[in-house]
Amino acid sequence: MPIAKEILDEVALSEEEYEQIVQELGREPNLVEIGLFGSLWSEHCGYKHSTLLLKQLPHSSPNVLVNPGEENAGAVDIGDGLCIVMKMESHNHPSAIEPYEGAATGVGGIVRDIFTMGARPIALLNSLRFGPLSEPRNRYLFGGVVAGIGGYGNCLGIPDVAGEVYFSPAYSANPLVNAMCVGIADKRKLVSSKASGKGNLLMLVGADTGRDGLHGASGLASRTFDDERELRPTVQVGNPFMEKLLLEACLELAETDYIVGLQDLGAAGLTSSAIESASKSGSGVVIDVAKVPRREEGMTPYEVMLSESQERMLAIVKKGYEDKVKAIFDKWDLRSDIIGEVTDDGLARITEGKKVVAEVPIELLTTPPLYRPKSLKPPWLNALQKFDLSTIADVGKDASSVLLRLLASPNIASKEWIFRQYDHQVQINTTVPPGSDAAVLRIKGTKKAIALTTDGNGRYCYLDPYTGGTITVAEAARNLACAGAVPLAITDCLNFGNPEKTDVYYQLEQCIRGITQACKSLNIPVISGNVSLYNETRDEPVYPTPVVGMLGLIDDIDQHSTIGFKHEGDLVVMLGGNAKGTDGLGGSEYLESIHDIVAGALSINLDLEKRVQQCCLDAIRQGLILSAHDCSDGGLAVTLAESCIAGSIGIKGKWKIAGRIDTELFGEAQSRIVVSLKPARLGELQKLAAKHRIPLRELGSVGGKRFLIKGVIDLPLDDIVDAWRNGLEKAMG
Amino acid sequence: MRFGVIIFPGTWSDKDCHHVLDKALKQKVEYIWHKDTDLSGFDCVILPGGFSYGDYLRPGAIGRFSPVMTAVQEFAAAGKLVFGICNGFQILCESGLLPGALIQNNHLQYRCQWVHLRTENTSLPFSSRATKGQVLYIPISHYEGSYYADQATLEELEVNNRVVFRYCTPSGEITEAANPNGSLNNIAGIVNKAGNVLGMMPHPERACEEIVGGLDGNVIFESIIDEVTTREMGCVKPL
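If you read the protein sequences in the order shown, they are chains A and B. All the letters of the first sequence, read from the start, carry residue numbers 1268 to 2000 under our numbering. All the letters of the second sequence, read from the start, carry residue numbers 60 to 298 under our numbering.
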């Protein structure tokens, strides 16, 4: 009997994929089985279009304890018997449909990935993209997402310490909401997600199972969508209080030896949770859906297996220990039910009471076809890259007003409007709060601290996917260097359009190549991540937006650095490259905000980048410098302004501008860090820069209440502060 | 002396309070589960911040029915010290140990930021280390922190000097701009009639170590330690 196309469409399987299933299974799958395949072979769970590209990313370093894909999140050793567990994930499509709940459940999902491993979540970060705030719908989406992230994270007591947000028309119909969670654990007590040991029990804990979120993985996250209304029921509603109870109960359980594994229920619910756990140990599972507690009556086995009801966990309990485990969940007033057990036959067997409703080899379910579609550099990209930037008029006398406009633009303005809605202090580790290059958190009981940042520049990756990917990693590492931290590991979230299109696949392929190159050059492994494809609406893809979350380690917290200028009379010095011609204007915030142009070529020298970062780190450790701030969005003038604002003190810039004023002030040439120091230490810093073979340039001195760059800008510091501080709030109306 | 820190389901400042008392102030401190009913041996019980029962219904409205709250009532009636921070303050109001209510911030947004507090009453077990009018720099983190009470209650609080902390400017002026949530009379913290139960929305436990931004929270904890130590020495001050 030929399968109806509507059924395949509902689970997003192609006819070819269905044929493959029939052939390998030796029979037609029934409806429940089609549901299992649809979920596990979805782009979201199966990484069909990205696996072959992701293989090139470097994963190893002496510190890496858990690699991507092995467990729910990656883990890296930080010494003192401790490890950091981290991961980033997208919740783009749910947030586009229902911003508050979409973003909230995104936080819930990523937090579960962390405590599933026995790690206590200690930080949240998020990387957001929206269309321009001049559109009411974008303000609604942005406001809703921020409230949703806060609403969920605040209730859990996990500080939201860093992140980024950018606005561009490319994200108008399809915002990006990437959430990252960082946890800490005793490295000997990391919990596996493997379902192993015949006869061990599958215990489902937490919320009851309802019809919410059916087809979230296959439908929402794995194809484009146009009519939002019909998709609303696929977005789940979060219950952060239940999550908090699960978090505490699971961490209590992680201290015992009653379980062999712990796995959260996320995309594709019980299906992916149980089957992927069994797959990791080569076991089988049998699940009786009749034993799954329901929120509604009349649910079919298909619906129970595919429900994405939130706040549920699966514990793989050692046989004989079920009462002890149940006692822990009872203490936290959580419902727990044994719904099945581990077998050794490699099959996923789903029953409803005694009746078998599905029986499929797990290896087949977890081995989706992998695609490497055609990649083609689109002709329009060549034209954009060749755009002659020298045809643009220089800023001339307008430098002061251009600076104020840039500082007030939502992409550069203070993000306090966002982070004051997030508890960023709970757990009392936050040493450098949001608003710096990187957040710094002390590690209690040690002298150490970690630094965290997220970075991504969709505009760069749109103009040059390879170089843009490279810069993404380089800038994140530079942010950590400015805090005084050595980069340890990356988690990434790759947001792209429909990979079946040749130009989108080209972007994906080139971005991953660029990220790989930078990771290898800077020696930073990728330990976890997520790929979000089909981010497009009405045929328009978002900017290719790889986002990198990076972890760095500071051995002695007393040697961390901040971005603010400190004292009257300190020298201001630039470490790193000198921009010439139109270097750094291509793809800059200045070019888009002021000239409404998105074009130009990008470049980065990874060798120079590495030496600049090392020089900055050495200078911080030797106590040579008093502040360090990475030169990025908005260029040198914005960097200086931010250091002035953070330190509540002015600057007297005295250096001579030889070439174009806009290149010098607003160009975003890479590999540059602005530092300040006591004049007496300049000789030592010069020696250090010479040792690392990097250019060093004196820019002027800290002091006064004006922002002065000789011959081009002279503004009261208060004007600078006002523009920057109120920009985002004004844009929100 | 011995501190107790109560854990309700959904509490999250429990570990912060414990850390500060144990590591920064070197005090004896133990956790108390919300189903426990015996508070003997404790000198001061802290109801920490968080979202007890998810703040469902109203913040503190369900938490006040936890078994431990009966014991807290008796503990307070016996003159022992009870200190509610943030959600703890909300629970104390819901349970009737303190008057008034904490309603949604007037701007309808969650707010996490550092604020200045003027110390209005320094003759209490919680504030004796402060000088009159001393401005403390301590963070807030709440969505429902706007203090509300009827006019008669407000007057009673003011007349009897029961407002302990008020939101103020860095120099100690009480202005509307310095009020982060719309609290009546800029009220950030109050005590009961007997002066042994304090509730405040700001989080002093977040301001007890330089590395996380400040030390002013210690003024409150050290006042409590002074009080209990004095009591232990037998010189019980009248409340």
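Be careful, since some hints might not be right.
Selected chain B positions facing chain A (in silico; Cβ < 7 Å) [stated by the list, open to error]:
1) P68
2) W71
3) G113
4) F124
5) N165
6) Q168
7) Y169
8) W173
9) P198
10) E232
11) I233
12) R265
13) V271
14) G273
15) N277
Cross-link-like lysine to aspartate or glutamate pairs, in silico, EDC-like; alpha carbons within 16 Å at most [what the hints assert, rightly or not]:
16) A:K1714 with B:E268
17) A:K1714 with A:D1347
18) A:K1598 with B:D95
19) A:K1272 with B:D95
20) B:K94 with A:D1600
21) A:K1711 with B:D95
Label-pair distances were calculated between CB atoms; the ranges are [stated by the list, open to error]:
22) B:Y207 with A:D1989: 47 to 55 Å
23) B:Q193 with A:E1951: 28 to 36 Å
24) A:G1348 with B:Q168: 37 to 45 Å
25) A:E1683 with B:A83: 37 to 45 Å
26) A:E1522 with B:G100: 23 to 31 Å
27) A:K1591 with B:V218: 51 to 59 Å
28) B:Y207 with A:H1834: 53 to 61 Å
29) B:Q163 with A:Q1953: 51 to 59 Å
30) A:L1349 with B:A83: 17 to 25 Å
31) B:V218 with A:D1989: 57 to 65 Å
32) A:D1600 with B:G192: 42 to 50 Å
33) B:T129 with A:P1403: 50 to 58 Å
34) A:A1594 with B:L116: 22 to 30 Å
Since the hints were derived computationally from the structure, they do not count as laboratory data. On a predicted model such as this, the values are computed, not experimentally measured, just so you know. Backbone N, C-alpha and C fix where the C-beta goes; we use that ideal spot for every residue, glycine too.
Violations among the numbered hints, reported as their numbers in ascending order | Per hint list: 4, 5, 8, 10, 11, 14, 15, 19, 21, 22, 23, 25, 28 and 31 violated.
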